[in-house]
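Asker: Sequence:
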Amino acid sequence: MRFFFLLSLFLPFLLLYPQGEVGPVPLPVANDQATDFSRELELTKMDIESLSGRIKAFRRKLDALAPKGAFPFDESIRQRKLPLLGPGKEEVMGRSDRGSSEPLISKPKPSSSLPRKQKTVSANPLHPVGSSNDRDGGSSANKMGFYLLPFLALHRPADCKWHSQLGSFPVEQELGFASGWRVGKKWKRFFLDADFSYHRNELKALVGVPLTFSGEAEGFGMMVNAGGHFDLGPSASFLLGVGVGPHSQEIEFKLSGVAEEEEDVVLAYQIFTGVDFHPADHLLFSLKYRWLRLERMEKFSARSLHMLEAAFGYLF
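Residue numbers are given in this note's numbering: position 46 of the sequence shown equals residue 47, and the series is strictly consecutive.
The hints are simulated quantities; they were obtained by calculation from the structure and are not laboratory data.
In silico DSS-like links for lysine-lysine, alpha-carbon gap of 27 Å or less: (1) Lys-162 x Lys-255; (2) Lys-255 x Lys-300; (3) Lys-255 x Lys-205; (4) Lys-289 x Lys-186; (5) Lys-300 x Lys-205; (6) Lys-46 x Lys-62; (7) Lys-57 x Lys-46; (8) Lys-189 x Lys-289; (9) Lys-187 x Lys-289; (10) Lys-162 x Lys-300; (11) Lys-162 x Lys-205.
Generate the whole structure from the sequences, applying the supplied hints.
Answerer: Below, the structure is given as structure tokens:
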């Protein structure tokens with residue numbers, strides 16, 4: 002009874018671990034890993050040899066295409082080994098003997114070595130930097146536009162004769178004055194204007210007539226003028242012009258108490274030259290010499306006025 006009880010206790014152990022047969026003990030996998038590493042190393046070596054062969058083939062092609070002496074390169078440069086290209090670099094793809102593409106040489110990105118032209122921003126938007134105003138010394142813009150000039154002048158009259166029944170007698174004249182206004186427009190090289198003027202002078206005597214004599218001549222007229230001007234500097238210009246227009250002229254005198262008078266509208270023309278000055282922005286000062294010719298009337302001949310004029314005004 003006790004025997005069977007003990008047998009029932011050890012019976013499960015006997016069934017789980019049968020006697021007389023032991024299973025194989027598992028071996029470590031180190032030998033398999035070493036074999037795989039050797040195989041990968043051999044494949045890597047073969048790839049390197051293949052790549053080296055392709056590079057040598059490309060060098061042979063390059064030497065065949067480029068004859069000796071065609072390039073002034075040092076021969077030692079040809080013998081240098083091409084570096085292997087790393088990831089992320091640009092490549093130039095070439096063809097090998099088998100038609101496969103392979104990286105040959107690194108292609109640098111183009112870069113400009115020329116300095117870029119810097120743009121300068123002007124503080125004044127009305128006159129940008131680099132404009133014609135800067136090239137002309139900042140004066141061209143100040144010399145152009147509409148202008149209004151009041152003027153005063155001294156004149157010396159000449160060539161006046163009185164035609165009478167007894168003959169023609171030269172009239173000796175005194176210095177006179179003139180005044181007026183001028184309005185016009187100036188461009189870069191030309192101008193166009195109109196002036197309205199009044200002139201007056203005294204008559205001194207009849208040449209060759211010993212009689213008491215007194216008289217005066219005066220006139221009012223309008224002239225249309227045109228001409229050109231040329232820069233003398235940043236604030237001065239030389240001008241030359243001509244003009245034509247109608248003038249109302251009156252000459253009267255008394256010879257020993259006997260009065261003689263004539264008034265008529267005659268044609269007048271002039272030639273003038275001078276210098277314009279620009280002392281400040283929009284200001285204009287002008288000095289001119291004018292030769293004014295007034296055509297003849299019935300009793301008096303044509304006469305000339307030599308005028309020295311000064312004008313000061315505003316340029317819009």
